[in-house]
Amino acid sequence: MPEVKIRKKVTIVEEIFHEGGPVATAPLRRAAVLAVIHNPFAGSYVAEISGFMDDLTPLGLAMAKSLVAALGNDPQLIQGYGKGAIVGSAGELEHGALWHVPGGYAMREVLGGAKAIVASTKKVGSPGTRLDVPITHINASYVRSHFDAMEIGITDAPRADEILLALVMTTGARIHERVGGLKASEIKGQDGLR
Amino acid sequence: MTTSSEASAKAKIRKIVTFVEETHTEMDRAIVPPTRRAAAAAVIENPFAGKYVDDLSALMDIGEELGGLLTARAVAALGIPGRAVESYGKAAAVGENGELEHAAAILHPKLGTPVRKAVEKGAALIPSSKKRGGMGVAIDIPLGHKDAAFVRSHFDGMEIRIPDAPRANEIVVAIAITDSGRPLARVGGLTTDQIKGEDGLR
Numbered sequence: 006m007p008e009v010k011i012r013k014k015v016t017i018v019e020e021i022f023h024e025g026g027p028v029a030t031a032p033l034r035r036a037a038v039l040a041v042i043h044n045p046f047a048g049s050y051v052a053e054i055s056g057f058m059d060d061l062t063p064l065g066l067a068m069a070k071s072l073v074a075a076l077g078n079d080p081q082l083i084q085g086y087g088k089g090a091i092v093g094s095a096g097e098l099e100h101g102a103l104w105h106v107p108g109g110y111a112m113r114e115v116l117g118g119a120k121a122i123v124a125s126t127k128k129v130g131s132p133g134t135r136l137d138v139p140i141t142h143i144n145a146s147y148v149r150s151h152f153d154a155m156e157i158g159i160t161d162a163p164r165a166d167e168i169l170l171a172l173v174m175t176t177g178a179r180i181h182e183r184v185g186g187l188k189a190s191e192i193k194g195q196d197g198l199r
Numbered sequence: 416m417t418t419s420s421e422a423s424a425k426a427k428i429r430k431i432v433t434f435v436e437e438t439h440t441e442m443d444r445a446i447v448p449p450t451r452r453a454a455a456a457a458v459i460e461n462p463f464a465g466k467y468v469d470d471l472s473a474l475m476d477i478g479e480e481l482g483g484l485l486t487a488r489a490v491a492a493l494g495i496p497g498r499a500v501e502s503y504g505k506a507a508a509v510g511e512n513g514e515l516e517h518a519a520a521i522l523h524p525k526l527g528t529p530v531r532k533a534v535e536k537g538a539a540l541i542p543s544s545k546k547r548g549g550m551g552v553a554i555d556i557p558l559g560h561k562d563a564a565f566v567r568s569h570f571d572g573m574e575i576r577i578p579d580a581p582r583a584n585e586i587v588v589a590i591a592i593t594d595s596g597r598p599l600a601r602v603g604g605l606t607t608d609q610i611k612g613e614d615g616l617r
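Going down the list, the protein sequences come from chains F and G. Take the position in the first sequence, starting the count at 1, then add 5; the result is the number in this note's numbering. Take the position in the second sequence, starting the count at 1, then add 415; the result is the number in this note's numbering.
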């Protein structure tokens, strides 16, 4: 399978102190690491694409490690995660699906075996297209306080023959979470759901 | 009764967002080392939203505070010493209940001094832009060489946006810095090795 050609990397870190309510003692931090890569399948239908997932694995691991570094360099600080992809106009949605395994595997690996499925979204889009990357708790998908999303995008990407790959992590719940449901303190941590 | 400047000498910050961009390839050419730029933006309460206030000195003080804070964040995000910064720029976007002059009060009187201190020298004008807009508005921060405004390889801009800011009563204040010029600069003009660095222009 083809090599992974990276044009650009972008890191975004948000530090949230409040949203009109009490100022948090520890601000919520959310970060996204984005990579813009060449889409080797752009321009025509290619039947066999799945081998490219293996090629993406080292990039996924590098991006997951950068995310942990951007949020304080301690995997123990990470409580939520998500992933996404925007495929340029000469590609197809299925090319974005190539990111599920290497992106998700990388974050679980770097976080020491997180249990919950990594929430994800993807679309075909033009340069500057925005993507709302969903976020859930890393060990139990039903933890309501950690349902969140981070909007990402890059002004000049993805070009037609590119894919924008995204990984997102957070250090906690929504800043003023108060709608009940399963709490992080109640996680059993066996099935990745509760 | 307190004056406006005493009442809000410190910025009330809701969030801070940093952005780092690295360009590794452009038009199939490897960029070695990658060009890198960073922006740090603070979302603050606009103490003067919704009313005309004549004395904007509180916002000038906020500008001074944010100039130091945001430049430190952006420099740290690139992981370089301040003196290694090559170009810089600043911008503000005022929420719909504010006034363009509020952006001017933050950006122009006092913000530059701590920025220059952080990047060591900074003889050149800090290029700036300002606008009023809704949440998620694109903010194009102009970039120019910090010691010689005419260095053509470093004329650039960095677009940032924050999806949930500025709210109507907020202002987004941003500083951008780089450790390099454009990825494949080749339109001539003054080059970095020709900088005299005396007048801020050449």
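Simulated from the structure, these hints should not be mistaken for laboratory data. Since we're looking at a predicted model, the values are computed, not measured. Among the hints, erroneous ones may be present.
[What the hints assert, rightly or not] Below, simulated EDC-like cross-link-like pairs (lysine to aspartate or glutamate); rule was C-alpha separation at most 20 Å, straight line:
no. : chain 1 : residue 1 : chain 2 : residue 2
1   : F       : Lys10     : G       : Glu441
2   : G       : Lys545    : G       : Glu460
3   : G       : Lys425    : F       : Glu20
4   : G       : Lys536    : G       : Glu480
5   : G       : Lys532    : G       : Asp443
6   : F       : Lys120    : F       : Asp79
7   : G       : Lys427    : F       : Glu24
8   : G       : Lys525    : G       : Asp443
9   : G       : Lys425    : G       : Asp555
10  : G       : Lys425    : F       : Glu24
11  : G       : Lys425    : G       : Asp476
12  : G       : Lys425    : G       : Glu479
13  : G       : Lys427    : F       : Asp79
14  : F       : Lys10     : G       : Glu479
15  : F       : Lys128    : F       : Glu156
16  : G       : Lys545    : G       : Glu535
[Claimed, not checked] Here are the simulated distance ranges between beta carbons:
no. : chain 1 : residue 1 : chain 2 : residue 2 : range
17  : F       : Ile122    : G       : Asp614    : 56 to 66 Å
18  : F       : Arg135    : G       : Glu511    : 57 to 67 Å
19  : F       : Glu8      : G       : Leu599    : 48 to 58 Å
20  : G       : Pro524    : F       : Asp137    : 33 to 43 Å
[Stated by the list, open to error] With the C-beta cut set under 8 Å, the calculated list includes, among others, these residues of chain F facing chain G:
no. : residue
21  : Met6
22  : Glu8
23  : Lys10
24  : Arg12
25  : Val15
26  : Ile17
27  : Val18
28  : Phe22
29  : Thr160
No residue lacks a Cβ here, since even glycine has one placed at the ideal position from N, Cα and C.
Going down the list of hints, with the structure as the test:
Only pairs whose Cα atoms come within 20 Å are accepted, and Lys10 (chain F) paired with Glu441 (chain G) is accepted, the gap being roughly 11 Å. With a C-alpha separation of about 17 Å, the suggested pair Lys545 (chain G) and Glu460 (chain G) falls inside the 20 Å cut-off, and the hint holds. Our distance criterion of 20 Å between C-alpha atoms is met by Lys425 (chain G) and Glu20 (chain F), whose separation comes to about 18 Å. Pair hint Lys536 (chain G) plus Glu480 (chain G) holds up; C-alpha atoms about 19 Å apart against a cutoff of 20 Å.
At roughly 38 Å between alpha-carbon atoms, Lys532 (chain G) and Asp443 (chain G) are farther apart than 20 Å, so this suggested pair is violated. For the suggested pair Lys120 (chain F) and Asp79 (chain F), the alpha carbons sit about 18 Å apart, so the restraint of at most 20 Å is met. With a C-alpha separation of about 11 Å, the suggested pair Lys427 (chain G) and Glu24 (chain F) falls inside the 20 Å cut-off, and the hint holds. Note on Lys525 (chain G) and Asp443 (chain G): the hinted pairing is violated, with a Cα-Cα distance of about 43 Å set against a maximum of 20 Å.
For the suggested pair Lys425 (chain G) and Asp555 (chain G), the alpha carbons sit about 26 Å apart, so the restraint of at most 20 Å is broken. Of the pairs offered as hints, the one joining Lys425 (chain G) and Glu24 (chain F) holds, with about 18 Å between alpha carbons and a cut-off of 20 Å not exceeded. Distance hint between Lys425 (chain G) and Asp476 (chain G) is fulfilled; the C-alpha atoms sit about 7 Å from each other, no more than 20 Å. With a C-alpha separation of about 10 Å, the suggested pairing of Lys425 (chain G) with Glu479 (chain G) holds against the 20 Å cut-off.
The suggested pairing of Lys427 (chain G) with Asp79 (chain F) is violated, with an alpha-carbon distance near 29 Å, which exceeds 20 Å. The straight-line distance between the Cα atoms of Lys10 (chain F) and Glu479 (chain G) is roughly 42 Å, outside the 20 Å bound, and the hint therefore fails. Distance check on the hinted pair: Lys128 (chain F) and Glu156 (chain F) sit about 13 Å apart at the alpha-carbon level, within 20 Å; holds. Note on Lys545 (chain G) and Glu535 (chain G): the hinted pairing is violated, with a Cα-Cα distance of about 25 Å set against a maximum of 20 Å.
Between Ile122 (chain F) and Asp614 (chain G), the C-beta spacing of about 60 Å keeps the proposed range 56 to 66 Å intact. In this structure, Arg135 (chain F) and Glu511 (chain G) break the distance hint of 57 to 67 Å, their C-beta atoms being roughly 21 Å apart. Between Glu8 (chain F) and Leu599 (chain G) the beta carbons are some 22 Å apart, a value that contradicts the proposed interval 48 to 58 Å. Look at Pro524 (chain G) against Asp137 (chain F): about 38 Å separates their beta carbons, and that is inside 33 to 43 Å.
For Met6 (chain F), the suggested interface contact is broken, since its CB lies about 19 Å from the closest CB of chain G, more than 8 Å. A cut of 8 Å between beta carbons decides the hint on Glu8 (chain F): the least distance to chain G is about 12 Å, and the hint is violated. At its closest, the beta carbon of Lys10 (chain F) sits 6 Å from a beta carbon of chain G; the interface hint therefore holds under the 8 Å criterion. Because the beta carbon of Arg12 (chain F) sits about 4 Å from the nearest beta carbon in chain G, less than 8 Å, this interface hint is met.
Hint status for Val15 (chain F): holds, given a least beta-carbon distance of 5 Å to chain G, under 8 Å. A least Cβ separation of about 5 Å between Ile17 (chain F) and chain G falls short of the 8 Å threshold, and the interface hint therefore holds. Interface hint status for Val18 (chain F): upheld, as the beta-carbon distance to the closest one in chain G is roughly 5 Å, under 8 Å. Residue-level restraint check for Phe22 (chain F) holds (minimum Cβ-Cβ distance to chain G is 6 Å; threshold 8 Å).
Checking Thr160 (chain F) against chain G: minimum C-beta separation of about 5 Å stays under 8 Å; hint holds.
When held up to the earlier numbered hints, the structure conflicts with 5, 8, 9, 13, 14, 16, 18, 19, 21, 22 and fits the remainder.
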